[in-house]
Amino acid sequence: MSGYRLETLTAGMPVLFGGDRVTHVSEALAAVFKAGDRLIVVQETGDLLHVPADVHAIAASAVGEAADAFEALKRVDPGQVSAFFGRFARLLEQDETWAAIAAANAADVESARARGRSTTRLVATAKMRAEMIEGLLGWRDAPAVEGRVVERVEHEGWSVEQVTAPLGVVGFVFEGRPNVFADAAGVIRSGNTVVFRIGSDALGTARAIAEHALKPALFAAGLPVGAAVLLDSPERSAGWALFSDPRLSLAVARGSGPAVDQLGAVARQAGVPVSLHGTGGAWLVADENADETRFAQAVFNSLDRKACNTLNVCCLVGARLLPAFLDALRQAGERGGHGCKLHIDEALRPSLPDAWLTARTRVRRADGDHDEPLVEGLPDDGLAHEWDWEATPEVSLVVAEDLSAAIALFNRYSPRLAASLISEDASARARFYAEIAAPFVGDGMTRWVDGQFALNRPELGLSNWQHGRLLARSGVLSGDSVFTVRTRMHQDDADLGR
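Numbering (this note's numbering), first residue to last: 129 to 626.
Since the hints were derived computationally from the structure, they do not count as laboratory data. It cannot be assumed that every hint is accurate.
What the hints assert, rightly or not - Quick list of simulated restraints, FRET-style, between CB atoms:
#1 Asp508 / Thr248: 24 to 32 Å
#2 Ala158 / Gly207: 50 to 58 Å
#3 Glu238 / Ala158: 35 to 43 Å
#4 Pro142 / Pro271: 54 to 62 Å
Since the structure is predicted, the reported quantities are computational estimates derived from the model, not experimental observations. For every residue, glycine included, the Cβ atom is placed at its ideal position computed from N, Cα and C.
Please take these sequences and the hints and turn them into a complete structure.
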């Protein structure tokens, strides 16, 4: 230590965390830590996160650029913001622009596959392109958020208004999904600025979008380029550096559960509010009154691809619909061309056909195809496990005694994100909605849980209730929901006093 600044670490050095616990510096960490680097001690877990000096400088510069742009946006006409989104969309529509983005994306996909990484959300498809354009045009046509009067209270001789206002700089860390890049730009609609950090798998694609569409659109509309900044680093530590910057007004993270939890902890201890969008996996419950055809369609349509709202656990009240479930799962596997995979409670094994119990299937995973049993028992974490599949739909199946038991299983084991009940009994559906601990509840397929699909607003992410219910907003975080509220007083009576 020199001048109260950490310059070196030694292997075995004790580090206090959580107020009453101790962790120790590893040999590997001690070997790479240099003067000027940062050490983030995660107080919740004791994780020691190393942020090299050069990575910290990149993150600090990006946040500084966005902070300056936030001040500049106060002098921007709302029409310029609309023009930005319109120009961004038009550039993505141009084949020349998209060709450059597609070429960068192809390189990202090839690299990810070579490293055995998942590419299900990485490929920039025509559908993804169309949805990005649709979302940007939606923001172009959306009304300005700033200045909306939420409430007005009249007093004798004076009045008070609650008025929406921009929040500030939003730090956004997300997985390798290029379309999210355009979604997150929606915070500019509400007068905020954003720093993006995309997963390294999609960094080349993000660079291409920024170079060929985002920056030109900002420039053409007369907006500060710092209104949307790509944190151009493949290092995971860049996310830690970003979320530990107290100049952020909000930190948004989406991706895998453990990584998102860690990022959230880093932001919270830096005093930055967080909105986390990590663990997912939807549940579909069918009671004794469920229509077989409606149920089978819900299963099939909830397994078109893997996302946070994909069917992860199917819970049957009784075994009447077991054949319908198996047939729908088989059809979903055939649609993808790589079969299906089922995990069951061992008590269900005697109820399954021998053909399922003895069969093997070719499972497509990120690192290639694997020959596996078609049916396996649930893992140690059972119904709490989220299946992260590529092209082979993978689902857990459980049977409950009654609807109360099914609800109890969801509330205990699920990440508390999305739940659907297939039932012809209206009172059962009402009871399900009242008792299920989820922000998203339906009576059909689970894949409807999506900001753009359901609400016509591109989402930054979907929050579950795994860590408690959300305060004063739904589980959909969208660009126009990132705001604060200011209070403005107008005095007519010059003699007003107390």
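So, going through the hints one by one against the coordinates:
For Asp508 and Thr248, the hinted distance range of 24 to 32 Å is satisfied, since their beta carbons lie about 25 Å from each other. At about 55 Å, the CB distance of Ala158 to Gly207 agrees with the hint of 50 to 58 Å. Under the hint 35 to 43 Å, the C-beta atoms of Glu238 and Ala158, about 36 Å apart, fit the expected range. For the hinted restraint 54 to 62 Å between Pro142 and Pro271, the CB-CB distance of approximately 55 Å keeps it satisfied.
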